[in-house]
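Based on the provided sequences and hints, a complete structural model is requested.
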Amino acid sequence: MRFERKDLLDLRSLSAEEINLILNTAASFREVLERPIKKVPTLRGKTIANLFFEPSTRTRLSFELSAKRLNADIVNFSSSTSSVLKGESLLDTARNIVAMKVDALVVRHSSPGVSHFLAQKLPVSIINAGDGAHEHPTQGLLDLYSIRERKGNIANLNVAIIGDIAHSRVARSDIWGLNKMGARVRVCGPPTLIPKDIEKLGVELTYSIEEALLDCDVVIMLRIQRERQKVSLVPSLQEYRDFFSLNREKLKLAKPDVLIMHPGPVNRGVEIPAKIADSRQSIILNQVTNGIAVRMAVLYLLLVHSSR
Amino acid sequence: MRFERKDLLDLRSLSAEEINLILNTAASFREVLERPIKKVPTLRGKTIANLFFEPSTRTRLSFELSAKRLNADIVNFSSSTSSVLKGESLLDTARNIVAMKVDALVVRHSSPGVSHFLAQKLPVSIINAGDGAHEHPTQGLLDLYSIRERKGNIANLNVAIIGDIAHSRVARSDIWGLNKMGARVRVCGPPTLIPKDIEKLGVELTYSIEEALLDCDVVIMLRIQRERQKVSLVPSLQEYRDFFSLNREKLKLAKPDVLIMHPGPVNRGVEIPAKIADSRQSIILNQVTNGIAVRMAVLYLLLVHSSR
Amino acid sequence: MRFERKDLLDLRSLSAEEINLILNTAASFREVLERPIKKVPTLRGKTIANLFFEPSTRTRLSFELSAKRLNADIVNFSSSTSSVLKGESLLDTARNIVAMKVDALVVRHSSPGVSHFLAQKLPVSIINAGDGAHEHPTQGLLDLYSIRERKGNIANLNVAIIGDIAHSRVARSDIWGLNKMGARVRVCGPPTLIPKDIEKLGVELTYSIEEALLDCDVVIMLRIQRERQKVSLVPSLQEYRDFFSLNREKLKLAKPDVLIMHPGPVNRGVEIPAKIADSRQSIILNQVTNGIAVRMAVLYLLLVHSSR
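Chains as they are written, first to last, in our numbering: chain E, 1 to 308; chain R, 1 to 308; chain Y, 1 to 308.
Don't take each hint at face value.
Pairs count within a copy or across copies, as identical chains cannot be separated in the list.
Unchecked claim - Straight-line Cα separation of at most 20 angstroms, SDA-like style, residue types lysine to any residue; simulated pairs:
{"#": "1", "residue 1": "Lys-101", "residue 2": "Leu-285"}
{"#": "2", "residue 1": "Lys-121", "residue 2": "Lys-275"}
{"#": "3", "residue 1": "Lys-101", "residue 2": "Ile-37"}
{"#": "4", "residue 1": "Lys-252", "residue 2": "Asp-217"}
{"#": "5", "residue 1": "Lys-121", "residue 2": "Leu-285"}
{"#": "6", "residue 1": "Lys-200", "residue 2": "Thr-25"}
{"#": "7", "residue 1": "Lys-151", "residue 2": "Ala-166"}
{"#": "8", "residue 1": "Lys-6", "residue 2": "Ala-99"}
{"#": "9", "residue 1": "Lys-200", "residue 2": "Asn-20"}
{"#": "10", "residue 1": "Lys-250", "residue 2": "Tyr-207"}
{"#": "11", "residue 1": "Lys-250", "residue 2": "Gly-152"}
{"#": "12", "residue 1": "Lys-101", "residue 2": "Asn-71"}
{"#": "13", "residue 1": "Lys-101", "residue 2": "Thr-42"}
{"#": "14", "residue 1": "Lys-151", "residue 2": "Arg-5"}
{"#": "15", "residue 1": "Lys-68", "residue 2": "Glu-17"}
{"#": "16", "residue 1": "Lys-101", "residue 2": "Pro-273"}
{"#": "17", "residue 1": "Lys-250", "residue 2": "Glu-31"}
{"#": "18", "residue 1": "Lys-121", "residue 2": "Ala-274"}
{"#": "19", "residue 1": "Lys-101", "residue 2": "Pro-36"}
{"#": "20", "residue 1": "Lys-250", "residue 2": "Gln-225"}
{"#": "21", "residue 1": "Lys-101", "residue 2": "Phe-243"}
{"#": "22", "residue 1": "Lys-101", "residue 2": "Glu-34"}
{"#": "23", "residue 1": "Lys-39", "residue 2": "Leu-91"}
{"#": "24", "residue 1": "Lys-39", "residue 2": "Asp-197"}
{"#": "25", "residue 1": "Lys-101", "residue 2": "Ala-155"}
{"#": "26", "residue 1": "Lys-39", "residue 2": "Ala-99"}
{"#": "27", "residue 1": "Lys-39", "residue 2": "Lys-101"}
{"#": "28", "residue 1": "Lys-101", "residue 2": "Asn-158"}
{"#": "29", "residue 1": "Lys-255", "residue 2": "Asp-278"}
These are computed hints drawn from the structure, not numbers from a lab.
Below you can see the structure in the form of structure tokens.
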């Protein structure tokens, strides 16, 4: 099977076969990361640009390291040091970078749809690295990879996603990806942080964390994104913690081998106690490592493997 | 012919032969950019530093990509994260970077003459990437390259440069370069944005865009540099647009195969309507691509080719 | 002899043998820097991350160039564009970067002990690139290298360190290193800028620059770190200059072949007159060049040479 796409914009439009192709490709790159020399010459002579219109550490670094380990050249553009200051449009900025013979743009932006828009307008590969509260497909893929690595399979698992669903592009990508791979997804959070009609995405909704955790195979805790909330949507962090933080007692409702995941950055002591974040069941740092393998796979499939 | 210079500081002091050598060298690198692997090992083991004391996207990225495609190492220094904060002088900052065994400095600064000053004081190659409103020689060279690529020749062409001549280092480098290559240059803009005695540079001056465009082979539109103007030198953007923006009607005065150029970033709808910026006659994005080839040529000629 | 450490945190805990091993290794890399191709493939496939929580030019660039000349990949993280903004702890930030399969972290932070803390918690190599006013071991090592290069030996030399001892991590690393190598160290500065009990580090203390300079082989001038002083600890720069600046007259007290050093950035005309900073006796820029060789040696010894 070939990967016949120009861009990676969301998980919504990927098929289960395409997701499996990405995960299988990632598995071979995951093995490269255990070698003494963690590099392959796959993308030598290709150029990738990180276009980040929001501050980011881990995602930018993850793409940067993924590109370097494939021997691609990568350059960083961020809006603070940019001709955006000079009044240039987003599309013109992107077009100019593409005109420098760049093969792929990794785009993060606070507005949903920016990557889709650029993908329509530009001939190069666009990778959505997060567009507002819409999607963050490589995070969704690395979550799928991390679950499959530990559980062997994704189909028929009970997965709970708990926290600020409304502001989370990760939740949205996870829901699309998990559904396509056959998992049963439950979402849970305070009513003010659950989007209307979320059930239409094919998830169960509960406002009780106990219900969400019952017989769970995987629990994905989300960060309270204080920087994204224009108004306070939870009465207090203390109250949020009382109702929606994980703790040992609540975790007993889940299956004994439940996996605990978090897309990071973790607010220790808010959505998850430090002890649980660092426990044997937590695979939070494995997710980060797998993110490199998944992003290497995406870059490879878009830039080399496809028949374009 | 050898390129016998240590630095590229301006087009004023280059001969037509030197300019032709750079353009011919750029043509061979332009071809590299069309290959699947857009890299050559020419500058392996050489180190280049971008020293940018003004915010910039495209020029910094263009030099960064040019260096990487020659296999040089390149590091970025910008004044916001710098020991300039600690009171160090510009020359000391540059000397320190040179002491780290750097082979060339690419310098952008808001003050005219900074590159010339550093070139006198330092033993390494200095490339002026824009010094105040003085010169921006690699932009001038890429403009010459882009014209020659489409017209076959530069001599005897009618070239109009329209807009904010006073604040434009691009205009100054273009004027020197075009004159040396035998073009006839006309400049046009509102009286407040035309420097005194501009005719002494060997150009025709007109305040009428219609006169400037008449029988033109090439028109170079300049950006209204709002961020450089300490006081407002045009009554209003609307009035500027009425008098000095390009439009289809005015363009009929030029030759039918007129080329439309702009150094970017473009203020769409101010100095140039979006439709004309994106038209078949516009080579604005070709200029960007050619910028990579020209900068590769300059780095190559300064660091390898010369007999130093 | 093998270098059996995971980290380089300070000079306090290094033995004279370990310091000699680093300096000898640096000497072979110093020679690489004189070659036309200033690179060796030693660290190909290794990844290093600069984690800078304070602004820095020279140290970040020096590590970046050192890594690149060993063919390592290096990525830059600085706190201004970071998930530290999102409330993540320092340790979580570091853990996440390590999870991306990074082999070494170069850490600068305003708090003493941050590198030691990370070294205890993390399995990868930590290099302290300055922690508050505590230590800056690679600066100490490059100072030792620079003295040894010019004097042949360090033992029995008279070395004066003059200026703001209290706020200087460089002074602290120099004192530990020089003492271990057998030099006699004197410190001198205004009483408000001398830490209590400094003599316990094995140095002589004097408040007279004339006494400090008498028969000196090496004088290390420190920068008045205005950005570190919360309150003004010197009555005025003029007064500081009168008492503690170097000048030709005072220098006659030192040995005729005295070396003048400064960790930079230099405040010309404050702690040292421009003429002396640029004189034949000054090795300020040699220190910068040697810094590359010393950092290459440290990276090599930590990442390749040790038996870990």
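The hints, checked one at a time:
no., hint, verdict
1, Lys-101 / Leu-285, "between (35 angstroms within a copy, 11 angstroms between copies)"
2, Lys-121 / Lys-275, "between (47 angstroms within a copy, 15 angstroms between copies)"
3, Lys-101 / Ile-37, "between (29 angstroms within a copy, 11 angstroms between copies)"
4, Lys-252 / Asp-217, "within (12 angstroms within a copy, 70 angstroms between copies)"
5, Lys-121 / Leu-285, "between (36 angstroms within a copy, 14 angstroms between copies)"
6, Lys-200 / Thr-25, "neither (31 angstroms within a copy, 60 angstroms between copies)"
7, Lys-151 / Ala-166, "neither (28 angstroms within a copy, 56 angstroms between copies)"
8, Lys-6 / Ala-99, "within (17 angstroms within a copy, 29 angstroms between copies)"
9, Lys-200 / Asn-20, "neither (24 angstroms within a copy, 65 angstroms between copies)"
10, Lys-250 / Tyr-207, "within (14 angstroms within a copy, 65 angstroms between copies)"
11, Lys-250 / Gly-152, "neither (25 angstroms within a copy, 68 angstroms between copies)"
12, Lys-101 / Asn-71, "both (17 angstroms within a copy, 16 angstroms between copies)"
13, Lys-101 / Thr-42, "both (18 angstroms within a copy, 19 angstroms between copies)"
14, Lys-151 / Arg-5, "neither (29 angstroms within a copy, 38 angstroms between copies)"
15, Lys-68 / Glu-17, "neither (28 angstroms within a copy, 37 angstroms between copies)"
16, Lys-101 / Pro-273, "neither (47 angstroms within a copy, 25 angstroms between copies)"
17, Lys-250 / Glu-31, "neither (36 angstroms within a copy, 62 angstroms between copies)"
18, Lys-121 / Ala-274, "between (45 angstroms within a copy, 15 angstroms between copies)"
19, Lys-101 / Pro-36, "between (32 angstroms within a copy, 11 angstroms between copies)"
20, Lys-250 / Gln-225, "neither (23 angstroms within a copy, 53 angstroms between copies)"
21, Lys-101 / Phe-243, "neither (51 angstroms within a copy, 36 angstroms between copies)"
22, Lys-101 / Glu-34, "between (32 angstroms within a copy, 8 angstroms between copies)"
23, Lys-39 / Leu-91, "neither (33 angstroms within a copy, 27 angstroms between copies)"
24, Lys-39 / Asp-197, "neither (45 angstroms within a copy, 51 angstroms between copies)"
25, Lys-101 / Ala-155, "neither (41 angstroms within a copy, 30 angstroms between copies)"
26, Lys-39 / Ala-99, "between (28 angstroms within a copy, 16 angstroms between copies)"
27, Lys-39 / Lys-101, "between (23 angstroms within a copy, 11 angstroms between copies)"
28, Lys-101 / Asn-158, "neither (45 angstroms within a copy, 30 angstroms between copies)"
29, Lys-255 / Asp-278, "within (18 angstroms within a copy, 59 angstroms between copies)"
Hints 6, 7, 9, 11, 14, 15, 16, 17, 20, 21, 23, 24, 25 and 28, counting from the list given before, are not met by this structure.
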